[in-house]
Amino acid sequence: MSCPHFLALSSILTLLGGFPLVNGQEAPVRWPAPGLSDQSYGEWLTFIRPRKGELGWREVRWHKSLSEAAKEARELQRPILLWAMNGHPCGET
Amino acid sequence: MATRFVCAADEAFFLDPPRHFQDDWLPNRESTLLFRKFKGKAPAGLFPGSPTVQGVYCMTAEGDFLSGYFAAAPRDRARRVIEEGWARWSRVAEERGYRSRPVPKVPIDSVPGQPAPAGGLKLEVVVRDLPRGEETHPGSEEWHRRAFNLNWIDFTASEARSFVTTERSQRQVPAGVLEKLATKTLKDSVRGQCGDWKKGALKEGELETECIDKEGERLTMRLTGFARLEQRGRAYDCRLHGKAVYDQRQGRFLRFELVAAGQRSGSDEFNFRAKDLGPAPMGVAYILHQATDRAEGKGSE
Numbered sequence: 001m002s003c004p005h006f007l008a009l010s011s012i013l014t015l016l017g018g019f020p021l022v023n024g025q026e027a028p029v030r031w032p033a034p035g036l037s038d039q040s041y042g043e044w045l046t047f048i049r050p051r052k053g054e055l056g057w058r059e060v061r062w063h064k065s066l067s068e069a070a071k072e073a074r075e076l077q078r079p080i081l082l083w084a085m086n087g088h089p090c091g092e093t
Numbered sequence: 001m002a003t004r005f006v007c008a009a010d011e012a013f014f015l016d017p018p019r020h021f022q023d024d025w026l027p028n029r030e031s032t033l034l035f036r037k038f039k040g041k042a043p044a045g046l047f048p049g050s051p052t053v054q055g056v057y058c059m060t061a062e063g064d065f066l067s068g069y070f071a072a073a074p075r076d077r078a079r080r081v082i083e084e085g086w087a088r089w090s091r092v093a094e095e096r097g098y099r100s101r102p103v104p105k106v107p108i109d110s111v112p113g114q115p116a117p118a119g120g121l122k123l124e125v126v127v128r129d130l131p132r133g134e135e136t137h138p139g140s141e142e143w144h145r146r147a148f149n150l151n152w153i154d155f156t157a158s159e160a161r162s163f164v165t166t167e168r169s170q171r172q173v174p175a176g177v178l179e180k181l182a183t184k185t186l187k188d189s190v191r192g193q194c195g196d197w198k199k200g201a202l203k204e205g206e207l208e209t210e211c212i213d214k215e216g217e218r219l220t221m222r223l224t225g226f227a228r229l230e231q232r233g234r235a236y237d238c239r240l241h242g243k244a245v246y247d248q249r250q251g252r253f254l255r256f257e258l259v260a261a262g263q264r265s266g267s268d269e270f271n272f273r274a275k276d277l278g279p280a281p282m283g284v285a286y287i288l289h290q291a292t293d294r295a296e297g298k299g300s301e
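Chains A and B, in that order, are what the protein sequence lines are. Mapped onto our numbering, the consecutive letters of the first sequence carry residue numbers 1 to 93. Mapped onto our numbering, the consecutive letters of the second sequence carry residue numbers 1 to 301.
Isolated chain A (complex conformation) (with noise of 0.2 Å):
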């Protein structure tokens, strides 16, 4: 997606200015941020969330715990795949 036609007068002002960064000092916004609108906001929704070969672990049925999982494999008697994150690989974060 190109974006220059997006960028709404909010974001060209904050180039003139400063932005307030972690140790007090202001630093120079180099990249605008998209001005958001009736008309734009969509393709930005849009842009920002996932596409479809993005999501494709959501096709695999996860168990959201290692001892449901456990469960089921003993009744099965199936091995277990696990996932690990700090952070739940399902996006419960």
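Each computed DSSO-like pair below joins lysine-lysine, with the alpha-carbon atoms no more than 30 Å apart:
(1) B/Lys243 to A/Lys52
(2) A/Lys71 to B/Lys37
(3) B/Lys198 to B/Lys180
(4) B/Lys41 to A/Lys71
(5) B/Lys275 to B/Lys180
(6) B/Lys203 to B/Lys275
(7) A/Lys52 to B/Lys184
(8) A/Lys71 to B/Lys39
(9) B/Lys105 to A/Lys71
Covered stretches of chain A (in silico footprint by chain B; criterion: 3 or more residues with CB under 8 Å from a CB of chain B, positions within the stretch not fixed):
(10) 29-39
(11) 49-56
(12) 73-87
Just so you know, these hints were derived from the structure itself, not from any lab. Yeah, the Cβ is synthetic: ideal placement off N, Cα and C, and Gly gets one too.
Given chain A, work out where chain B should sit, using these hints.
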């Protein structure tokens, strides 16, 4: 390949928490015990003494090691873990005389957290970097350019109702509702975990709702506002814009779309921004939680 396995996705921190972490604080003690058993049986070197146990692993229901890869596995490596795990499982199953039954195809409830409260609102939240000039998907590494993250937020029935208005003039959504949305979800978890904002981090902000269309019992609201968050180490300053459709008869939202776009700066302990302090643009998108809708047999418009 994964369909041969019973699959689990779980929070690494709680599978093997630090020693000072008390058992009472564990959300699922059985999972922790099983994972620690697996870890104890894993070959030396699989876990390199790191405080995290992130990775992809295959095991038996009793915690026997089958295969594993510590940390984020590239696609080929993850595939190899699954293949090795299956090969070892086949031998174990034969030795133990297992008679495997098929894994059901019926989906598992994938609604995060607790079920949405009655009359409440559960939103799916996505966060991603926005273009930096000509660089549509910015980042110095491939995974930076692909990075996005998912989160969710629950609003109670009364909080959800505060987005609804029949008035054509703008009305402010209560400050507490904006603060909840802002401190829990307007955060930079694009590349990794980011803590919620601390109390008081929302320095300024407004969210306004106005009815822009009424068709029978169906109200369409425009949502507009801004938020400026800042605490030691990081900041985010954004505009908010969206639209929501609410059915008064059904007492529920048919559609809820909200976008935040603004400048982030700084970093959090685990969000991989130490070399990308910004300021740089980041977006957050909210829609009705689709898994919740599916589970309730609904569906946003």
